[in-house]
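According to the numbering used here, the stretch in the sequence shown is residues 11 to 293, in order.
In short, the hints are calculated from the structure, not lab data.
Hints are all accurate, no fakes.
Pair ranges (Cβ atoms, derived): (1) Cys-47 with Ala-259: 35 to 41 Å; (2) Arg-151 with Phe-91: 22 to 28 Å; (3) Arg-83 with Ile-217: 18 to 24 Å; (4) Leu-234 with Glu-157: 26 to 32 Å; (5) Val-66 with Ala-261: 29 to 35 Å.
Note that CB positions come from ideal geometry on N, CA and C, so glycine has one too.
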Amino acid sequence: MVAPFKPFEPHGSGGPRIREIPLRMVLPNLITVLAICAGLSGIRLAFQDRFEPAVVMVLLAAFLDGIDGRLARMLKATSRFGAQMDSLADIVNFGVVPALVLYAYLLDKAGSLGWIATLLFAIAMGLRLARFNVLDEDLDRPAWQAEYFVGVPAPVGAITLMLPMYLGFLGLEGTRTVAYVATGFAILVAFLLVSRLPVYSGKKLSIRREYLLPVMLVAVFYVLLLTVYPWQTLTASVIGYLIFLPLSASAYARRARIEGEKAVAATAEAETTDVSDETKPAS
Numbered sequence: 011m012v013a014p015f016k017p018f019e020p021h022g023s024g025g026p027r028i029r030e031i032p033l034r035m036v037l038p039n040l041i042t043v044l045a046i047c048a049g050l051s052g053i054r055l056a057f058q059d060r061f062e063p064a065v066v067m068v069l070l071a072a073f074l075d076g077i078d079g080r081l082a083r084m085l086k087a088t089s090r091f092g093a094q095m096d097s098l099a100d101i102v103n104f105g106v107v108p109a110l111v112l113y114a115y116l117l118d119k120a121g122s123l124g125w126i127a128t129l130l131f132a133i134a135m136g137l138r139l140a141r142f143n144v145l146d147e148d149l150d151r152p153a154w155q156a157e158y159f160v161g162v163p164a165p166v167g168a169i170t171l172m173l174p175m176y177l178g179f180l181g182l183e184g185t186r187t188v189a190y191v192a193t194g195f196a197i198l199v200a201f202l203l204v205s206r207l208p209v210y211s212g213k214k215l216s217i218r219r220e221y222l223l224p225v226m227l228v229a230v231f232y233v234l235l236l237t238v239y240p241w242q243t244l245t246a247s248v249i250g251y252l253i254f255l256p257l258s259a260s261a262y263a264r265r266a267r268i269e270g271e272k273a274v275a276a277t278a279e280a281e282t283t284d285v286s287d288e289t290k291p292a293s
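Take these sequences, add in the hints, and give me the full structure.
This is the structure:
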């Protein structure tokens, strides 16, 4: 009997059958699936009024999202299937999950406005990720612009959205007024996701060898603070990141001006060279 559909080829036409895929190709996708499980478990914990573990699950999903792509590149296991899987996981973990967790914790006290903010954030996250995929395939984009995100990146947007929860864990009472303020904050974060704000990514940031050990020490110190004082550390980190955003936009404007001047100078030099070549006598 002929099968109604041809076999699924996870890596494009002519790729290996599923039973022939090596473990190194499966491992990054497995981590992506675990990230989705962590995010959805955060929703379950929020419905049970266990909000602190719910936030931890969202943070765990962000951590797993940060390592699956790097692991795929390290193992040379990147694939179109994995890229699509990662995008779908990001929409769930950073769009749907944190919005619902915050709604269950506080935004429901704002009534319909709180639900509208929840929907806006989830939709904005989907739009932001779609735009990221399109820009990632843009080969005409200047190389230096790859050092900047367009809008706030998805994991940071999710962590920033939950700032009212961090403050609540530190003792801020979740009154109706606070719920309305949190609703406005959620709409602001949604706008930052889909905005054209240039945000420095740090992907090409290099560390000089003599500064490597101090940087490692600072990183360890931050992790220890996050372990011992999680909500204070996250609150300070989000506030610091919000302060960083206008500084990043200012740095981008300066870089764009410099690159524009270089392009004008290169064009003028090329035109001068062409004119001098045309005025040379024929031999």
